[in-house]
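Student: Mind docking these for me? Both chains are given alone in their own frames, and the hints should help you get the complex.
Here the protein sequences come in this chain order: A and B. Those letters in the first sequence? Residues 1 to 425, per UniProt numbering, in order. Those letters in the second sequence? Residues 1 to 93, per UniProt numbering, in order.
These are computed hints drawn from the structure, not numbers from a lab. Treat the hints with care, since some could be wrong.
To be verified - No farther apart than 25 Å at their CA atoms in a straight line, the calculated lysine-lysine pairs in the DSS-like style are these:
1) B:Lys-65 / A:Lys-126
2) B:Lys-28 / A:Lys-414
3) A:Lys-418 / A:Lys-378
4) A:Lys-414 / B:Lys-65
5) B:Lys-28 / A:Lys-416
These numbers were taken from a predicted model, which means no experiment stands behind them.
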Amino acid sequence: MTAQAQRPINVAQTRDAVPISSRVHWIGALDPTLRTFDIILKTANGTTYNAYLVRGQDGVAVIDTVKEKFSDEFFQRLESVANYDDIRVIVLNHLEPDHTGALPELMRRAPHARLYISHKAQRMLKGLLKQESFDFTPVTTNDTVSLGDCTLRFLNTPYLHWPDTQCTYLEEEAILFSGDAFGCHFCDPRLFNDLVGDFRFSFEYYYAHIMRPFREHVLAALELIEPLHLKIIAPTHGPILRDQPARYVARFRELTEPRLKKESTDKTLLVFYLSSYGNTAKMAEAVYAGASEIEGVRVSLYDLEGGAVEPFVDLIEDAEGIALGTPTINGDATKAMWDLLSSLVVINLQGKVGAVFGSYGWSGEAVGMLEDRLRGLKVRVPVPGIRVKLIPTEEELEACRQFGRQLAEIMTDKQKPKVIDFEDL
Amino acid sequence: MKAELTFADIGITVRVPAGTRVIDVSEKVGSTIVYGCREGDCGTCLMHVIKGGENLSQPSVLEDKVLKENMAGKQFRLACQAQILGNVTVGPA
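Pulled out of the complex, with its shape left as it was, chain B reads as follows (with noise of 0.2 Å):
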């Protein structure tokens, strides 16, 4: 199944596997998302989810520890533990 991910900072939507994370679709594509650790630790890769929300993998424990510390309000995702599920718009946060 294919989902597509937008990201508004440059305006480009790929059309990906489903499952896949963001990380591994923004870094190729050239998005603005910043990365620290790439393990779900350091909250770097906080990024805004500006459509689609409930198209993402539910956040993990690990996840959901890291947006409560960062003091993320609901429309903002680790882009390195997010994966795609259905279609969805993203941007740097």
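This is chain A alone, in the form it adopts within the complex (with noise of 0.2 Å):
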């Protein structure tokens, strides 16, 4: 590290341009009083909008904005080394109106910088600018743009954490603008990662809730961003990584493990139920009894009533199967039960297989309800859910272990091939 990168730095009292290596300087802003982002996430000490611009010999790129409200810090410290007139390039890693809050101004102060974003940011684009008549370039992995002397290579990774996010690398200094990727909510005027306070619980909790549900596509990225030679990493929020970057590239990949390691070559199928009267326990007990005859399936059998829903959602996120058993009351599914579902959206359950019973005294709601959100969760609902008017009959306590059966059988393969009729779905 040079001795000038070292010098101690507060951003809090400038409003100065930061350079963190020859041709590169952070424009971002810092926001300390922000406590929740987005709705969704909480933060003890608000976050960065981090900004960055790249001086080469042909001109000057800017690599993301800030959000609007921080617009007079980010056009002070982009005025304090470049004029509008040098930059050529502005890139987008990512769309979401933190870093797009400043574009407009942006494209109306350099409006013969050309506009470089991911082909799936097209659509989103004009959504966020709400004019038609406007010039970009739709980039992909390997893309290029030079600024003569340094070149811009661009690395297509989408759903880190929207469809439309890409990372961009600067090959001649080595750094990676790796837009929400390897960032967090952490606000910290020394801005650095050898130099800020801890911030590592919340690096782990942006990835929980950020990268997590993406982990294919978590994966995918790894295997563009794991053969770079890296020496710094500029995420758009939070701490900039270049105190031992490939560290945190590791800790990425280490995270895409699952929570739990699977314990056997058994597929696993957790039935959760809650009920009022036993009548719903009764279908779990038999659908639990069913699924259980089937060989290479590993059954649980959970009693919401008995826990919080919280440390479930790991075990979901290793099991194959599903199944929920609800009463309905007052026309809806037990608040329990929308309690687990709701925890869900941390982990991806594409393609895992899930089904809904349950007893009913009136209406009997609640199953339909909790099949459509399993399908809105992108779970397969292969066999329609049972529904049970009061106390289950010897007959219909069969159809739920046949219903288990099935589930397991889906689950392990066994089910043949089948035609049905689409007027019988």
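Tutor: In structure tokens, the structure reads:
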């Protein structure tokens, strides 16, 4: 590290750009009073909106902007190191408003600059700017733009964490402008990871809420990022990672592993239920018993009345199937069941098998409601749910056992290919 | 006229009236094709056409644009747009 880089830094006391390498400046903004980001994320000390300026022989590139409210700070920092006429390139790695808030004004001030965005960002950009007549160049992995003596290379990294997200690599400086990847909501005016306070909790929290649902996409992005020579990772939120940047890439790789280790090759079916009078409980036990008859499936039965839903999230991530049993109360499924389902937004459920059953007194809407929610969560619901009016008969319990067997057979691919008529769906 | 739509991911074939959109079948049958906007805009429901691509309706100008934006090859279509005209086998992209 250079002596210059180790000097104390307090960007809260200045509106100047901060050098992060010989060609690159940080021109972002601090938001230290923020406590809740985008309704869903908490932060103990705010966040930063990181934007960067790259100066090459043939002009300047601006990489990302800031939330609109912080435009003044962004433009002051930009003006401290460049004229608007110098700006030839604007790169947007991610179009969320906290990074594009200052974009319309930047485009007005730098009309000759060309915009570089991912292919998936095109329609989003139109929605954001609410105008049709502007030029941009859609780019993908290994497309480049030259600033004379330096080259920006794009990496298409969708779903980290929006469909449009990409990273931009400055080859000559080995700097990865990573968008929201490797970022976190942590505000420290010392800016660099070797100078700021301990932000590890924030890095982990950000990954868990923002990146974890897109595990497969994180793995695909790591395939592009891991081979890069990296001196600095420059994300859009939180500290700039110049000390051992590879450590953060390695941590992302570790975090893509499921929280729980697979214990066997058996498929896992988790049966959750709630029961007011014991009827849905009886159904749950029958589903459990039926599924347990099928070899190759480990079946577990849980009464949600007995505990909080959070601990089940990791278990569900690792399972191949979930069956939910709920009574209908006041025309709705039970709160604990909704709580469980709303907790699952942090994991990827695509392709898991789901099923719903339940006893009801009058109307019995809950089963259909939960089936719809499961489909909304991209869970397969291959077997129509079972509704039983009040106390299940022996025939109805046998139907529940058959329901369990069928689910287990689907999960273990024991079901033969089927041909059905559309009308029967 | 009936046509057969097979979902390779779940091993189910559905006999459907010609002209039915893939989305109307795949959601009911529990295929793992994923949907976003459902109106041909977001590209989320990109599906892999494994067999019988010629038996799907031609892509509209809108679908064509989205396919190009997603750099999708000839074997890919949007499940929310493609109509089934003959026997076809599909799966998630």
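Student: Each hint needs a verdict: does it hold in this structure or not?
Tutor: Here is how each hint holds up against the structure:
1. This hinted pair checks out: Lys-65 of chain B and Lys-126 of chain A have alpha carbons roughly 15 Å apart, not beyond 25 Å.
2. For the hint linking Lys-28 of chain B to Lys-414 of chain A, the alpha-carbon distance of about 21 Å falls within 25 Å, and the restraint holds.
3. A distance of roughly 21 Å separates the Cα atoms of Lys-418 of chain A and Lys-378 of chain A; the hinted pair therefore holds under the 25 Å criterion.
4. At roughly 40 Å between alpha-carbon atoms, Lys-414 of chain A and Lys-65 of chain B are farther apart than 25 Å, so this suggested pair is violated.
5. Restraint check: the Cα-Cα separation between Lys-28 of chain B and Lys-416 of chain A comes to about 19 Å, which is no more than 25 Å; the hinted pair holds.
When each numbered hint is compared with the structure, a violation occurs for hint 4 only.
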